[in-house]
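Trainee: Line by line, the protein sequences give chains A and B. Just so you know, we're using this note's numbering here: the first sequence kicks off at 553 and counts up by one. Just so you know, we're using this note's numbering here: the second sequence kicks off at 553 and counts up by one.
Keep in mind that a hint or two might mislead.
Each pair may be met inside one copy or between any two copies, as identical chains are not told apart.
What the hints assert, rightly or not - Each computed SDA-like pair below joins lysine to any residue, with the alpha-carbon atoms no more than 20 Å apart: (1) K593 - A671; (2) K742 - R861; (3) K742 - A792; (4) K593 - L852; (5) K848 - A813; (6) K742 - T866; (7) K848 - E745; (8) K769 - E576; (9) K742 - E690; (10) K848 - G657; (11) K769 - V817; (12) K742 - R693; (13) K769 - R706; (14) K593 - Q572.
Just so you know, these hints were derived from the structure itself, not from any lab. What you are looking at is a predicted structure, and each value in this text was computed from that prediction instead of being measured.
Protein chains: 2
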Amino acid sequence: MQPTGNLDQHIVLAHGGGGQLTSELLNATILPVLDNPVLNKLGDSAVLDLAGHRLAFTTDSYVVQPIEFPGGDIGRLAVCGTSNDLAMAGAEPLALSLALILEEGLEIATLQRIMASIAAAGAEANVRVVTGDTKVIERGRGDGLYITTAGVGRVLPEASLGYDRLEEGDLILINGPIAEHGLTVLSRRKNLEFASRLRSDVAPLAALANHLVRELKDSVKLMRDPTRSGLAGVVSEIAAASGKSVLIEEDEVPLTAEARAAAEVLGLDPLTIANEGKFIAVVAPAAAQAALTLLKSHPLGCQAAIIGRITPETPPLAELITSIGGRRVIQMPYGEQLPRIC
Amino acid sequence: MQPTGNLDQHIVLAHGGGGQLTSELLNATILPVLDNPVLNKLGDSAVLDLAGHRLAFTTDSYVVQPIEFPGGDIGRLAVCGTSNDLAMAGAEPLALSLALILEEGLEIATLQRIMASIAAAGAEANVRVVTGDTKVIERGRGDGLYITTAGVGRVLPEASLGYDRLEEGDLILINGPIAEHGLTVLSRRKNLEFASRLRSDVAPLAALANHLVRELKDSVKLMRDPTRSGLAGVVSEIAAASGKSVLIEEDEVPLTAEARAAAEVLGLDPLTIANEGKFIAVVAPAAAQAALTLLKSHPLGCQAAIIGRITPETPPLAELITSIGGRRVIQMPYGEQLPRIC
Numbered sequence: 553m554q555p556t557g558n559l560d561q562h563i564v565l566a567h568g569g570g571g572q573l574t575s576e577l578l579n580a581t582i583l584p585v586l587d588n589p590v591l592n593k594l595g596d597s598a599v600l601d602l603a604g605h606r607l608a609f610t611t612d613s614y615v616v617q618p619i620e621f622p623g624g625d626i627g628r629l630a631v632c633g634t635s636n637d638l639a640m641a642g643a644e645p646l647a648l649s650l651a652l653i654l655e656e657g658l659e660i661a662t663l664q665r666i667m668a669s670i671a672a673a674g675a676e677a678n679v680r681v682v683t684g685d686t687k688v689i690e691r692g693r694g695d696g697l698y699i700t701t702a703g704v705g706r707v708l709p710e711a712s713l714g715y716d717r718l719e720e721g722d723l724i725l726i727n728g729p730i731a732e733h734g735l736t737v738l739s740r741r742k743n744l745e746f747a748s749r750l751r752s753d754v755a756p757l758a759a760l761a762n763h764l765v766r767e768l769k770d771s772v773k774l775m776r777d778p779t780r781s782g783l784a785g786v787v788s789e790i791a792a793a794s795g796k797s798v799l800i801e802e803d804e805v806p807l808t809a810e811a812r813a814a815a816e817v818l819g820l821d822p823l824t825i826a827n828e829g830k831f832i833a834v835v836a837p838a839a840a841q842a843a844l845t846l847l848k849s850h851p852l853g854c855q856a857a858i859i860g861r862i863t864p865e866t867p868p869l870a871e872l873i874t875s876i877g878g879r880r881v882i883q884m885p886y887g888e889q890l891p892r893i894c
Numbered sequence: 553m554q555p556t557g558n559l560d561q562h563i564v565l566a567h568g569g570g571g572q573l574t575s576e577l578l579n580a581t582i583l584p585v586l587d588n589p590v591l592n593k594l595g596d597s598a599v600l601d602l603a604g605h606r607l608a609f610t611t612d613s614y615v616v617q618p619i620e621f622p623g624g625d626i627g628r629l630a631v632c633g634t635s636n637d638l639a640m641a642g643a644e645p646l647a648l649s650l651a652l653i654l655e656e657g658l659e660i661a662t663l664q665r666i667m668a669s670i671a672a673a674g675a676e677a678n679v680r681v682v683t684g685d686t687k688v689i690e691r692g693r694g695d696g697l698y699i700t701t702a703g704v705g706r707v708l709p710e711a712s713l714g715y716d717r718l719e720e721g722d723l724i725l726i727n728g729p730i731a732e733h734g735l736t737v738l739s740r741r742k743n744l745e746f747a748s749r750l751r752s753d754v755a756p757l758a759a760l761a762n763h764l765v766r767e768l769k770d771s772v773k774l775m776r777d778p779t780r781s782g783l784a785g786v787v788s789e790i791a792a793a794s795g796k797s798v799l800i801e802e803d804e805v806p807l808t809a810e811a812r813a814a815a816e817v818l819g820l821d822p823l824t825i826a827n828e829g830k831f832i833a834v835v836a837p838a839a840a841q842a843a844l845t846l847l848k849s850h851p852l853g854c855q856a857a858i859i860g861r862i863t864p865e866t867p868p869l870a871e872l873i874t875s876i877g878g879r880r881v882i883q884m885p886y887g888e889q890l891p892r893i894c
């Protein structure tokens with residue numbers, strides 16, 4: 553990519569939004585340099601072969617601000633986010649690493665609360681932190697605490713997931729209501745009092761996602777967690793990567809009244825807002841009811857729903873049938889609206 | 553640990569120095585909360601069992617300032633540091649993850665140079681970046697670029713490494729001169745002109761360390777890379793963890809004239825200064841000459857030396873026989889002298 557002006561020559565916040573501008577940065581500056589077939593797949597996790605076993609490997613940095621918010625904190629987010637990325641690759645999490653970048657002046661009591669939260673989330677997710685690192689930067693060179701977790705997991709033998717497995721008629725399920733994490737963090741940052749009942753959905757999904765794969769095996773064709781760029785980001789990525797069209801029915805997408813109200817006040821489309829305890833599964837039509845029943849039987853899936861399907865339209869697009877029966881394209885968000893949401 | 557005053561209640565730079573205060577933070581605030589047998593070993597890498605195979609797993613954050621320095625940059629450091637930690641566990645690096653925390657306003661050209669350096673170091677270390685993440689923080693909340701890498705590796709079947717294997721008479725080897733990385737970064741930060749010939753030793757050690765293990769098998773009893781707290785940190789850790797005493801002969805420790813001069817001007821003990829391309833190996837006496845020959849035959853080991861041995865003294869201590877024949881205890885550095893060296 554040739555720089556076209558001054559703005560293009562420096563990092564801007566939108567480069568970190570997980571949307572179109574993040575993609576552009578990756579495609580122009582990072583992927584061509586590191587070019588290799590595993591990285592280029594850009595899944596939630598890389599999958600490596602280790603002596604005939606499939607090993608999932610993933611990482612994420614967490615820079616959420618504020619570091620503590622209703623329903624969670626940066627520590628819970630780091631454990632859930634990374635173990636969820638393993639789960640989306642069909643893997644059972646084996647172990648996490650934990651790298652802390654602490655800002656000089658951070659209260660030890662705050663660090664203690666975050667560490668306790670990491671331990672509790674690890675117990676809930678059934679995964680341990682086995683290795684780590686601690687660095688300290690001068691006051692004013694950080695923001696309290698940044699966390700980077702990496703995770704390794706064993707891909708379940710039953711798992712057969714991939715964009716290339718999607719077929720016309722496959723159904724798309726989600727395990728519950730969207731947009732709660734992003735709206736909670738943003739409401740807290742903007743001190744929106746009306747949103748005081750909103751809580752982040754941050755939760756470990758591996759037990760539920762693993763159960764789905766173990767029971768329904770290769771009828772589960774793809775799993776993705778709609779984090780930074782929301783459900784819009786994930787479904788537009790699916791269309792682009794699979795070459796198949798995706799149709800989502802707005803009325804079927806679970807959304808609480810609180811989240812709907814907060815999104816309206818903030819002028820945001822709930823489809824573009826981050827989730828940290830949600831995943832979508834694309835399943836063969838014959839298995840869809842069984843998948844829905846299985847999801848609904850778990851506390852993290854009791855509001856699960858079938859929200860869309862793979863369609864034969866060309867060229868491949870993600871589209872939404874709106875509540876009033878209209879039809880619009882779901883675009884990859886550009887990226888600027890919600891910096892430091894995770 | 554009960555806080556004993558205001559200083560104890562906040563993070564200070566020395567908490568990140570890799571020395572005694574880092575240990576105290578880990579022991580008081582992090583390890584008891586995350587308590588598990590793999591983490592508690594505190595090796596350079598964790599070693600996990602995956603269906604009968606030993607998998608090494610490690611992580612480090614890199615916050616070095618300046619991000620580019622003679623002999624390397626933060627990208628080369630991140631690739632070498634993490635793959636070296638795998639090598640110290642007796643593992644062949646399989647794959648790295650790369651998580652970037654970019655500060656708004658970072659020049660894309662800088663990022664491009666760092667990415668090219670990461671790719672070059674990966675090729676040199678024979679390890680690929682297979683998964684990653686990119687976050688952006690607001691201007692003034694970071695310092696250009698922080699990198700966190702994690703790595704997975706396959707522990708060589710020949711590797712039998714551990715503090716419990718050390719015996720009286722085992723010899724300690726190092727692959728070359730110490731203190732170059734830390735002195736280079738510090739000299740650059742302080743604009744010390746006389747030190748212009750100093751260059752960081754940052755280099756990928758896996759090929760050499762793997763070769764040593766493959767050839768000498770269980771005669772190689774322990775490997776450690778003396779990074780943040782230098783050779784002093786590593787030998788004092790060995791004494792504490794193994795319950796055996798370590799004796800280092802100052803005259804045998806390789807040190808260039810430039811590094812010696814820079815350390816004297818800065819008032820620093822070279823033993824406490826960070827290295828990023830050095831490792832020590834503790835080997836059975838019968839294999840020591842073979843180990844030395846093997847190290848010397850490799851470009852990264854041509855100045856290798858036998859620098860000390862395991863001794864029967866009690867209680868277990870690390871000690872130095874100085875150039876003038878004196879004897880002093882080598883202490884774990886406290887931690888404050890060189891913040892943001894890696």
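Trainee: Does each hint fit the structure? Answer for all of them.
Mentor: Here's how the hints hold up against the structure:
Taking the shortest Cα distances, K593 and A671 sit within 20 Å of each other only across copies (18 Å), while inside one copy they are farther apart (32 Å). Taking the shortest alpha-carbon separations for K742 and R861, neither the intra-copy value of 36 Å nor the inter-copy value of 61 Å comes in at or below 20 Å. Taking CA atoms no more than 20 Å apart as the test, K742 paired with A792 passes in neither setting, with 34 Å inside one copy and 50 Å between copies. In this homomeric assembly, K593 and L852 never come within 20 Å of each other (Cα to Cα): the closest approach is 28 Å inside a single copy and 35 Å across copies.
With identical chains, the CA atoms of K848 and A813 are never at most 20 Å apart, being 25 Å at best within one copy and 70 Å at best between copies. In this homomeric assembly, K742 and T866 never come within 20 Å of each other (Cα to Cα): the closest approach is 42 Å inside a single copy and 61 Å across copies. When the C-alpha separation of K848 and E745 is checked against a cutoff of 20 Å, the pair qualifies neither within a copy, at 32 Å, nor between copies, at 68 Å. Taking the shortest alpha-carbon separations for K769 and E576, neither the intra-copy value of 35 Å nor the inter-copy value of 48 Å comes in at or below 20 Å.
Taking the shortest Cα distances, K742 and E690 sit within 20 Å of each other only across copies (16 Å), while inside one copy they are farther apart (27 Å). Taking the shortest alpha-carbon separations for K848 and G657, neither the intra-copy value of 45 Å nor the inter-copy value of 46 Å comes in at or below 20 Å. In this assembly of identical chains, the alpha carbons of K769 and V817 never lie at most 20 Å apart, being 42 Å within a copy and 66 Å across copies at closest. Within a single copy, K742 and R693 get their C-alpha atoms only as close as 23 Å, which misses the 20 Å cut-off; across copies the closest is 19 Å, which meets it.
Proximity of K769 and R706 under a CA criterion of 20 Å is satisfied intra-copy only: 15 Å inside one chain copy versus 29 Å between copies. Taking the shortest Cα distances, K593 and Q572 sit within 20 Å of each other inside one copy (17 Å), while across copies they are farther apart (43 Å).
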